[in-house]
Each structure stands twice: as C-alpha cells, then as structure tokens.
Amino acid sequence: MSNVINVKDMCLWYGEHQAIKNVNIEIPEKSITAFIGPSGCGKSTFLKTLNRMNDLIPGVKITGDIRYEGTDIFAKDIDVNNLRKEIGMVFQKPNPFPMSIYDNIAYGPRTHGITKKTELDEIVENSLKRAAIWDEVKDRLKKNALGLSGGQQQRLCIARALAVDPKVLLMDEPTSALDPISTSRIEELVLDLKETYTIVMVTHNMQQAVRVSDYTAFFLLGELVEFGRTEDIFSQPQDKRTEDYITGRFG
Amino acid sequence: MKKNQLMEKVIHGIFLVLGLITVGCVLLITIYLVISGIPAIREIGLVDFLFGKQWASTATEPKYGILPFILTSIYGTAGAIVIGVPVGFMTAVYLSKMASPKVKSVIQSAVSLLAGIPSVVYGLVGMLVLVPGIRKIFNVPDGASLLAAIIVLAIMILPSIIKMSITALDAVPKEYEDASLALGATPIETYFRVSVPAAKSGIAAAVVLGVGRAIGEAMAVMMVAGNVPNMPDSLFQSVRFLTTAVSSEMAYSSGLQRQALFSIALVLFMFIMLTGATLNFFLKRERE
Ligand SMILES: Nc1ncnc2c1ncn2[C@@H]1O[C@H](COP(=O)(O)OP(=O)(O)O)[C@@H](O)[C@H]1O
Ligand SMILES: [Mg+2]
Chain Y
3 MSNVINVKDM
13 CLWYGEHQAI
23 KNVNIEIPEK
33 SITAFIGPSG
43 CGKSTFLKTL
53 NRMNDLIPGV
63 KITGDIRYEG
73 TDIFAKDIDV
83 NNLRKEIGMV
93 FQKPNPFPMS
103 IYDNIAYGPR
113 THGITKKTEL
123 DEIVENSLKR
133 AAIWDEVKDR
143 LKKNALGLSG
153 GQQQRLCIAR
163 ALAVDPKVLL
173 MDEPTSALDP
183 ISTSRIEELV
193 LDLKETYTIV
203 MVTHNMQQAV
213 RVSDYTAFFL
223 LGELVEFGRT
233 EDIFSQPQDK
243 RTEDYITGRF
253 G
Chain Z
-12 MKKNQLMEKV
-2 IHGIFLVLGL
8 ITVGCVLLIT
18 IYLVISGIPA
28 IREIGLVDFL
38 FGKQWASTAT
48 EPKYGILPFI
58 LTSIYGTAGA
68 IVIGVPVGFM
78 TAVYLSKMAS
88 PKVKSVIQSA
98 VSLLAGIPSV
108 VYGLVGMLVL
118 VPGIRKIFNV
128 PDGASLLAAI
138 IVLAIMILPS
148 IIKMSITALD
158 AVPKEYEDAS
168 LALGATPIET
178 YFRVSVPAAK
188 SGIAAAVVLG
198 VGRAIGEAMA
208 VMMVAGNVPN
218 MPDSLFQSVR
228 FLTTAVSSEM
238 AYSSGLQRQA
248 LFSIALVLFM
258 FIMLTGATLN
268 FFLKRERE
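For the record, the sequence lines run as chains Y and Z.
Using our numbering, the first residue of the first sequence is number 3, and each one after it goes up by one.
Using our numbering, the first residue of the second sequence is number -12, and each one after it goes up by one.
This is chain Y alone, in the form it adopts within the complex (with noise of 0.2 Å):
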C-alpha cells in the first residue's frame, strides 16, 4: 500500500512556542489514520499543516519537508488553493455557510469554475448521497442549511467537502459536538468513505480511534510518539508512554 502524505522531520513555531517537534510520518493511502493524544499535545496544528490552512495564522513557521503524491507542498510554484481542493477537510465544529442545503454543496464546484445547472445538480445529488444526507434533505435543497440538527449539519460538512472531488480528507474531532447517534452516523459513513479517500482523523475518543481507524498516531507535547497498526498501538504498545495513555493513567 503506498502513502499519499510523507512527513519528514517537520517542526512548526507559533511566534517562539513550538507547537511541532520533529514529526515524521506516511500516511497510507485509502485508510482511516487516527491522530490520539491530550488536548493541546498539536494534532490539529499538524493536521491543518497538511492543507496549509496555517499559512493564515500569523507568526506562524514551519520548517521540515511535506510531500503530497510526492511534491512538496510548500514549493514556490504549488497552487495553495489547489491543495486545499485536494485535501478536503471537515471541522470540529459543523460549520455550513449561512445559505441553502443546495449552496453550500455548490459552493465548492463554483469555486472551481463549475457553472453548468445540470452538471452541479449532479454533484450536488452525489456528494449528499455519499454523505449519507440525501434522503434527509432531498425534499428541502433551497432551505438554510443552518436550520438542520448538528449531525446533519456535520454530515452536510462532509458533503460539501467531497463535492471538490477530493483525494484526502482531513477531519478535527469531527464528533466531538455530536451526540452519541449522530456520531455512530459519522463513524459509519467515514468507514464508508475510506474506500475511496484517503482519511486522516484527530479524535480524543480512544474507542473511535479503535473502532474506525487502521492506523494510529499517537501524539505528545508536539512529538508524533508512536505510530502504526490501530490494533499494534492498542494491544502492545511499544512506548511506555502511549501505554499510559491508552490504559487511562493520564490525559
């Protein structure tokens, strides 16, 4: 199986704190890879540097290399936004524009130049129903998206994330704001998903990274501790540290 993002020894300073400490990791391709850790240990710093949305933070700098599909995505002549149509992402918090079910999907499409009615029809009836969503907003297409449940809302999220067609998507803490159905939804249709995406998931919830993840990176202080099987990293870990976490002694 090969990996589609290969990190080597990648740091990263927010002004003089370093938030990243020598991170190096592959993710495999059409897989689910979890990213565990406390809160504040850097997952979703390093998981926004695969897409680049950190360049927007001031102060921020970044040194290491990060191929994807083996080019360097800090290269001077790579279209930023190109990325980030490659390498989707879904929010911890559901964020859907305040505009129809229908526009939020189109959002995307348009951005990249789709105008055709039919053909964004289409992307918009194909993208709910891999989203798993269609059934529940079929009938309501030109309605506010900010008028449907949380689950929904993430579910959308997703939805119009695959609707730019694209290879990875990048997911923080997708569940955390849901409740227990919503999220089993989540789990289901991510399980779904990796068959044809590449899945890079930061969860706090060890569970979900047991029941949904074939990879697991376990993360600490800013350094990637271990990573590997979801299985290996639950069952014998082999820092004593991932074991403390993973059993429950902190965190």
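Worth flagging that the hints you see were computed from the coordinates, not collected in a lab.
Treat the hints with care, since some could be wrong.
What the hints assert, rightly or not - With a straight-line cut-off of 25 Å between C-alpha atoms, the simulated BS3-like cross-links for lysine-lysine are: (1) Y/Lys63 <-> Z/Lys84; (2) Z/Lys91 <-> Y/Lys63; (3) Y/Lys118 <-> Y/Lys144; (4) Z/Lys161 <-> Y/Lys63; (5) Y/Lys144 <-> Z/Lys271; (6) Z/Lys89 <-> Y/Lys63.
Go by the hints and put chain Z with the ligands onto chain Y.
Okay, now just chain Z with the ligands, sitting in the frame of chain Y:
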C-alpha cells in the same frame, strides 16, 4: 434591609425619569412639528406644497412649492450613496479582512478623525477647493452646485459607512471563512462570497445610516450647493436642500412664509423617521 430596598427604588425611579425625559423630548418635538407644520400645508394645499415646482416666498405673489428641495435632497443623498457606499464598503472589506493590524489602526484613526470634523469645515474646504475645481474642470459659470454637494456628502458619510460595515464584517464567524478557504477558494473569493453575504444586513444598515446622515446635513451643503431654489435639472445647477431651505430663511421670515418653513421641517422629519425605521428593521434582522 428596608433602607436598602428604599434606596433601590429611589435610584430606579431616577433612572426611569431620565429615560422618560428623552422620550418626552422626542414626543414634544414631534407634536410641535406636526402642530406648527400643518397650518401652512392646509393653506397652500398639500399637492401644491409638495409638488409645486416654484419656491418664491418673498415675491409679491408668493409661491410655496417645495418639490425642488425634495428632489434636491433625494438626488443629493442618492448621489452621495452612489459614490460613498462603494468606496466605504471596499475600505471596510480591506480593513476588516486584508489590512495588517498596523495599517488597520492608522486608517481607522483617520476615519474616526474624519467623523469628528465639524460640517462647517467640510463646507469651507468644499467652498475653497471643490467649487472652484468644478468650475474649472467642467467649465461652468458657477461651481457651487448639486455635484459639489454630492461630493461633500459622499465624504461626510464615509466614516459611518466604514465603521458600521467593519463591525458587521468583523462579526462574521471565522469558521465560515475557514470552510471556504479549505475548499480551495482564494481569500478574496472568500470575503466576497462568504463574509460579505453573511454581513449583508449590517452593511445595509450602514447604508441607511449614511442616508440619514446625508439627508439631515445642512451646513456643508448650504456652503457648496449654491443655495438657490432651482429644480435640480442638472448636476451643475445651483440648488437648495430641504435642510437649508429651513435654515436660510428662518431668521427673517414671518407669517405664512414662516409657517411654510415649519412644514418643510415636518417633511424633512418624516424622511428621517423613515430612514430610522428602515435602519431599525435591518439591525433587528442582523440580531436574529
Ligand atoms: N493560533 C495559535 N496561536 C498560538 N498558539 C497556538 C495556536 N493554535 C494552537 N496553539 C498552541 O499549540 C499547541 C497545540 O495546539 P493544538 O494543535 O490545538 O492541540 P490539540 O489539537 O492537540 O488539542 C497548544 O499549546 C496551543 O496552545
Ligand atoms: Mg484540536
């Protein structure tokens, strides 16, 4: 315990009275304007008054038609909006979303300063710079004109438009913008397709506030518009606004003429009430 409660009540009462004083002032002004504005309208006739094209209050056979003033106020305000809103709006988008903190603070102080300049100073600068400028550039006999008034008003409404729009744009949740950027939209695209629509009722309120300011302005337009009761047939016509129609004749007026001035004030008051109501409507929608 008892003493404390009494104290509470007394203080509560004082604040209530202070609040009622404000309400009382508004009511008093409204009632006074209506009472003193109606007689002249009765005597002249509502249609002749509002739609009469000629104002000649001191002629032997006086004419009291205020259509020239109404149209001048409407055109002047509309012109100021057409120029001031795009400029102010773009400035606000730049300051709220793009400018570095340093640039933002410098420009914002300049905007605040602009807001604090008394209107007589705007008028003075307009008279000394704008009026001769218009005369030379457009080669017209007199630069004191509707155009000069529009330009001065456009500059005068800039601060309120910029400030209100910035407040609305700053309040747009960053999550919306992040979502757009993460879909591969450029920052500029994001501001115009996500931030601005999300802030639209605040921006609309900014425009209405600008309208209110422009329609109520007297001193500056008196100094640059020529203050002649002509119909505003062209941008280069010397004109008189509703506000200045009242102020320029008040000092020496008497009888029906004086009453007609009160009626003009009533019409102006209606216009301003209308913009105020519109503003409230938008602000309410913003809050929801
Ligand atoms: N925008 C920021 N500016 C400065 N420091 C930040 C910023 N975002 C995160 N940090 C810091 O970086 C560290 C890692 O944060 P984060 O990546 O959010 O952790 P996690 O997602 O694992 O909870 C924390 O110490 C946090 O305070
Ligand atoms: Mg986080």
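Inset, instruction - Take a quick look at whether Z/Lys161 and Y/Lys63 sit within 25 Å of each other, Cα to Cα. - result: Judged against 25 Å, a Cα distance of about 21 Å means the pair holds.
Legend entry - Pairwise hint evaluation, Y/Lys63 against Z/Lys89, where the allowed Cα distance is 25 Å at most: Measuring from Cα to Cα gives roughly 21 Å; hence the hint holds.
Inset, instruction - Measure nothing beyond the straight line between the CA atoms of Y/Lys144 and Z/Lys271; if it is 25 Å or shorter, mark the hint as holding. - result: Between Y/Lys144 and Z/Lys271 the Cα gap is close to 24 Å, so the pair holds against 25 Å.
Legend entry - Given hint Z/Lys84 paired with Y/Lys63 - CA-CA distance at most 25 Å: 22 Å, holds
Inset, instruction - For the pair supplied as a hint, Z/Lys91 and Y/Lys63, confirm whether the alpha-carbon distance does not exceed 25 Å. - result: Roughly 24 Å separates the two Cα atoms, so the pair holds.
Inset, instruction - Take a quick look at whether Y/Lys118 and Y/Lys144 sit within 25 Å of each other, Cα to Cα. - result: 17 Å, holds
Hint compliance for this structure: every hint is met.
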